[in-house]
Amino acid sequence: MDQPATSQTIDTQCVIAGSGPGGLMLGLLLARAGVDVAVVEKHADFLRDFRGDTVHPSTLDIIDQLGLLDELLKVPHTQAPRLHAEIGGKDVTIADFSRLPTRCRFIAFMPQWDFLDFLAREAGRLPNFHLVMSAQVTDLIEEGGRVAGLVARTPDGSVAIRAALVVGADGRNSVVRAKAGLEVESFGAPSDVLWMKLSHQPDDPPYTMGHGGPRQGFVMVDRGDYWQCGYVVRKGSFAGVKEKGIEAFREAVAAVSPLSADRVGEIRSWDDVHLLSIRIDRLRRWWRPGLLCIGDAAHAMSPIGGFGVNLAIQDAVAAANILTAPLREGRLADRHLAAVEKRRAFPTRVMQKIQLMMQSSSRKRRDNAARRSGPPAFVKGIARWPVLAHLAGRLVGLGIRSERLRL
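Each residue of the sequence shown is one higher than the last, beginning at 1 in the UniProt record's numbering.
These are computed hints drawn from the structure, not numbers from a lab.
Certain hints may be false.
Using 25 Å as the maximum straight-line C-alpha spacing, the simulated DSS-like pairs for lysine-lysine come out as follows [unchecked claim]:
{"#": "1", "residue 1": "K353", "residue 2": "K235"}
{"#": "2", "residue 1": "K179", "residue 2": "K74"}
{"#": "3", "residue 1": "K74", "residue 2": "K42"}
{"#": "4", "residue 1": "K42", "residue 2": "K179"}
{"#": "5", "residue 1": "K244", "residue 2": "K179"}
{"#": "6", "residue 1": "K242", "residue 2": "K179"}
{"#": "7", "residue 1": "K197", "residue 2": "K179"}
Derived CB-CB ranges, DEER-like [as the list claims (entries may be wrong)]:
{"#": "8", "residue 1": "P101", "residue 2": "R285", "range": "41 to 51 Å"}
{"#": "9", "residue 1": "R401", "residue 2": "R284", "range": "15 to 25 Å"}
{"#": "10", "residue 1": "G34", "residue 2": "S7", "range": "48 to 58 Å"}
{"#": "11", "residue 1": "L395", "residue 2": "T78", "range": "43 to 53 Å"}
All C-beta atoms, glycine included, are put in the ideal place defined by N, C-alpha and C.
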């Protein structure tokens, strides 16, 4: 296979494409264990709005195992020991973390750029960790039937980074998985989310996360001085929403938001509205010789419950546990990559199944006019049997299979 010309070549043991939560966590863990690792990021910084900003109890446990929890909790954040839903005018606790067998029995709502800055800063203290910003992956290097590195375009020209392992942690639009030719199984999604910001006022509802409207989903995340709000629409319907005009959109948001109606005037134009196209998919196989995908690059999730960030972190921990010694000792084999997939495939399939069931239930409910009022059945169940809120808290907070460091 012909390789593109490059102006610079870097040799390392592992190169990770993508500096999201999974990529940076894996880079930090490998570097701490003595593996030389490079993380490449296509952007110049981490400052992007409307990303998954939940740091789950299982992730906080990993940070605690690293001895970094006290420092992380100095970063501005909001702690949510419970998640609430406002549906049909009723406040329902839909997830309660107070009984989790963890030190941190809460979700930390923290701007993802702050969380990533924290991980990058801690990893940057290690001499064998290298973060390359403004580096867009353009190709893979292949030799003898296996991936042997990647090529990235930087402001100073193309750079070839050769490594025993390439990790694709570059999200749901992963260049790595596309270039590797890995087959994707798509499960679709009936909805998209339109994200926006609304100011936070002293007399606002005390929700860390809210969900309003009997027929239209509306999500609110407390960011301190503003609400991050998500308005759920049918898949592919954003163009139709825009055709009706910004005033009609403001009225629709006001109808389902628990905030004062005049607040929607802060949505001044469509520039203040950001489309998140939801999809659920996963790779049929997460790896090729010399290459592994984790996080959204391996399994794109719906934003429901913030599971995507949590799964990416858990993937990173499992990968570090399994791959550190083979990488450090120069004996990485296909069976090690397969072991990571085997370890993480089951919790991924279960969480995606749960999300698909929730979406299917919501779709059937919308299609049945007789059931359009009141909260969904699963919320009614949680309201009737509070113990279910604790079970939901365990599912959201810890996931199906929590990973612990074994390095």
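Quick rundown of the hints versus the structure:
For the suggested pair K353 and K235, the alpha carbons sit about 19 Å apart, so the restraint of at most 25 Å is met. Straight-line distance between C-alpha atoms of K179 and K74 comes to about 40 Å, which puts the hinted pair past the 25 Å bound. For the given pair, K74 sits about 28 Å from K42 by alpha-carbon distance, which is inconsistent with the 25 Å threshold. A threshold of 25 Å between alpha carbons decides the hint, and for K42 with K179 the separation of about 16 Å falls inside it, so the pair holds.
Pair hint K244 plus K179 does not hold up; C-alpha atoms about 39 Å apart against a cutoff of 25 Å. Among the hinted pairs, K242 with K179 is inconsistent with the structure: their alpha-carbon atoms are about 35 Å apart, more than 25 Å. Between K197 and K179, the direct Cα distance comes to roughly 36 Å. Violation of the 25 Å bound is thereby established for this hinted pair. One distance hint, 41 to 51 Å for the beta-carbon pair P101 and R285, is violated here, with the actual separation near 34 Å.
For R401 and R284, the hinted distance range of 15 to 25 Å is satisfied, since their beta carbons lie about 20 Å from each other. For G34 and S7, the Cβ-Cβ distance of about 30 Å falls outside the hinted range of 48 to 58 Å, so the restraint is violated. L395 and T78 have their C-beta atoms about 21 Å apart, which leaves the hinted 43 to 53 Å range violated.
Violated hints for the displayed structure, listed by number in ascending order: 2, 3, 5, 6, 7, 8, 10, 11.
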